[in-house]
Amino acid sequence: MNTDELFKKKLLKKISIDLNKVRNSIKIAENKLERAKELFSSDFFQEAFVSAYTSIFHSSRALLYKQGIQEKSHFAVYSYIKNKFSSLIPKKLIEAFSNYQLERHNIFYGFESEISKNKAENIILDAEEFLEKIQEILNK
Amino acid sequence: MKKEHNKKTSDFLILKALRLFIENPYEEIYLREFARKTEISLNSAQRFLKIFLKENLIKDSRKANLRFFKANLDSVVFKQIKIAFSLKKIEDTGLIKKLKEVSSHLILFGSVAEGLNDSKSDIDLVCIGINSKKIKEIISEFQEKINQEVNCHIFSWEKWKEQTKLNKAFYLDVISKGISLIGDKPIAE
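Same order as they appear, the protein sequences are chains C and U. Just so it is clear: in the first sequence, position 78 is 78 by the numbering used here, and no numbers are missing. The number in the numbering used here is simply the position in the second sequence, starting from 1, with 140 added.
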C-alpha cells in the first residue's frame, strides 16, 4: 500500500515531532533486543522471537516519530518503512520485517505456531542490524 | 449506445480469438480450424487473424496450399498479454487472497512468469510463509481448481535466506525473473 493510501485509510496520521518519543522508542528497541537475547539463551525461542520483533517494531517507529507520524497498525509501520526508507535500510531487512510481522500475528492470534531456534536466532540478528541502521539514519 | 455495445462484443470476440494462441502458443493452426475452435464466423476469424498479424502478435507460414498461424513468442507485447491472462486465471481461483493469511511472499516464476508456457506446463511458485501445512492445503485446492500441475516450493523466511547460499542459481532466477503475487520480491541477502 502506498503512503497516500495509508494516510487516507487513517492507518497513519500526522502528529507534531517529539524527539522524546524518538528516544523512548529507541530505548524500548534496545531493551527488547537485550531481553530477546536473554530469552534465547534460556531456550525460550517463541518469547525471544516476540521480543526481537518488538525491537524491530519500536526502532522502526522511532523513524516515524522523527518524521511526525503516528501509526495505527504494525502493517502501516512496515509499509511506511518500505515506501520511504528502502534506499537506506537493506531490502533483506525490510522483507524479513514483512515475514516476521505475519509470524508475530500467528503467535498471538493463530492456533499453530512453533518458533525454532534457527528462526529465533535469525530475527535477533536482524533486529540488531535493524536497530543499528535506524540509529545511523537518526544520527544523520 | 449500440455502437458501444458492438465495440464491446467485438473486443470480447477478439480476446476469445487471441486466447487460443495464448493457451496453445506452440500450435500451428489454419483458418477454418481457427474459426471452428474459437466458435466465430469464418469472416470474423479472417478479420481477427489479419489484426493479430498486423500487430505482430502472431506469425504465419505456408505449408503446401495451407496458410498456418502461430503465436509470436518473439513479441514482447504478446508475451505480456499471455502473462496477464495467466495472472488473471490464478487470481480468479482465490489463491492469492487465501495465501495472504499465511504467506508474506508468493512469487510466480518459470515458464508461466516468462510467458512461455502452454496448457501442459507446470505453474511454478515460491511461497514464503509461516504454516507449511496450511500452505500445502491451499495449494492443493488451487491445483484442483486450476486443473494444472502446480509446483510450489514452500519456505520459512530463514530457509529462504539459506537458499541465497545453498541454491544461489535458483534464488537468483526467482528474484530476477519472478513475478510477485504477494509482497515484494523476497530479497534476502
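You may find that some hints are simply not true.
No farther apart than 27 Å at their CA atoms in a straight line, the calculated lysine-lysine pairs in the DSSO-like style are these [claimed, not checked]:
id	chain 1	residue 1	chain 2	residue 2
1	U	Lys317	C	Lys82
2	U	Lys203	C	Lys9
3	C	Lys140	C	Lys84
4	U	Lys274	U	Lys228
5	U	Lys228	U	Lys203
6	C	Lys10	U	Lys240
7	U	Lys219	C	Lys92
These are computed hints drawn from the structure, not numbers from a lab. This one's a predicted model, so the numbers in the text were calculated from it and none came from an experiment.
Checklist entry - Is the hinted pair C:Lys10 and U:Lys240 satisfied, with a Cα-Cα distance of at most 27 Å? => result With Cα atoms ~22 Å apart, C:Lys10 and U:Lys240 stay inside 27 Å; holds.
Checklist entry - Is U:Lys274 close enough to U:Lys228, meaning Cα to Cα at most 27 Å? => result holds (23 Å)
Checklist entry - Keeping to a limit of 27 Å between CA atoms, is the pair of U:Lys228 and U:Lys203 held or broken? => result violated (35 Å)
Next on the checklist: Holds or violated: C:Lys140 and C:Lys84, Cα atoms, limit 27 Å.
Outcome noted: holds (16 Å)
Next on the checklist: Would the hint linking U:Lys203 and C:Lys9 be met if the CA-CA limit is 27 Å?
Outcome noted: violated (60 Å)
Next on the checklist: For a C-alpha distance cap of 27 Å, please report whether U:Lys317 and C:Lys82 respect it.
Outcome noted: holds (21 Å)
Item to check | Pair hint outcome, U:Lys219 versus C:Lys92 [Cα-Cα no greater than 27 Å] | outcome: Violated. U:Lys219 to C:Lys92 sits at ~30 Å, over the 27 Å cutoff.
The structure shown violates the earlier hints numbered 2, 5 and 7.
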